[in-house]
Amino acid sequence: MPYAEQSPLVVHWSRAETERDGTPLLVALHGRGADERTFSEIAPHLPEDTTIAFVRAPIAEDGGYAWFANRGIGRPVAESIADSAERIFGWLDGEAARHSSVSLLGFSGGMAMAGGLLLAEPGRFASAALLSGTLPWDAGLPSEPGRLAGVRVLWARDAQDTVIPADLVSRTGEWLREKSGADLDERVYPALGHAIAAAELADVRDFLGAPGN
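With this note's numbering applied, the sequence shown closes on residue 213, and no number is skipped along the way.
For the record, the hints were derived by calculation from the structure and aren't laboratory data.
Among the hints, a few may not be true.
The calculated EDC-like cross-link candidates involving lysine to aspartate or glutamate, where the alpha carbons are at most 20 angstroms apart (straight line), are [what the hints assert, rightly or not]: (1) K179 <-> E121; (2) K179 <-> E144; (3) K179 <-> D161.
With beta-carbon atoms standing in for the labels, derived distance ranges [as the list claims (entries may be wrong)]: (4) G64 <-> A16: 38 to 48 angstroms; (5) D167 <-> A16: 23 to 33 angstroms; (6) T18 <-> P44: 20 to 30 angstroms; (7) R171 <-> E61: 21 to 31 angstroms; (8) G22 <-> A60: 10 to 20 angstroms.
These numbers come from a predicted model, not from an experiment.
Virtual Cβ for every residue (Gly too), placed ideally from N, Cα, C.
Produce the complete structure using the sequences and hints provided.
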């Protein structure tokens, strides 16, 4: 895969720069402690006609990278997640126009970051695949009823995932189902744990490859 640094973010691309025009863009956000290269291993399981930008989180931490400083697992510091969102939006301002649509994919801490982007500016995105995490509650982001109207959302997880606090998962589920206004596809995978599995990736592929993305 081509590899490039785009200040202030580092991006690992699934396509060469000359092959991206007119394709859907998927912004893929890894979990805490990982990086863009490890997350790019899922690329073969995603739609072939999509350009995937595997973005490195900006905060170096424990040999990997994080999207924001935490007040606890799944609880971003408001200023920190806002700073990362500003960086990503600034980068997207220079990329989005050449693509037919922009969607999000986030795992764990990357789900919180993707959720933050979605809540901040939902009109930028056609869809979001949110995996094994929580939305970024109490971080200064708007969450009024109907906030995600017109956005397709896949929320996938294991109900027995013990990494993400249960209160955050419950709050996320209630809001997505009852208040968000999103076109929600909710999937639960027994015995998945806090991970990504083949069956889940097949569903992600189908979701992202559906008409409207």
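(message) Taking the earlier hints as the rules, which of them does this structure contradict?
(response) The structure breaks hints 3, 4, 5 and 8; every other hint is satisfied.
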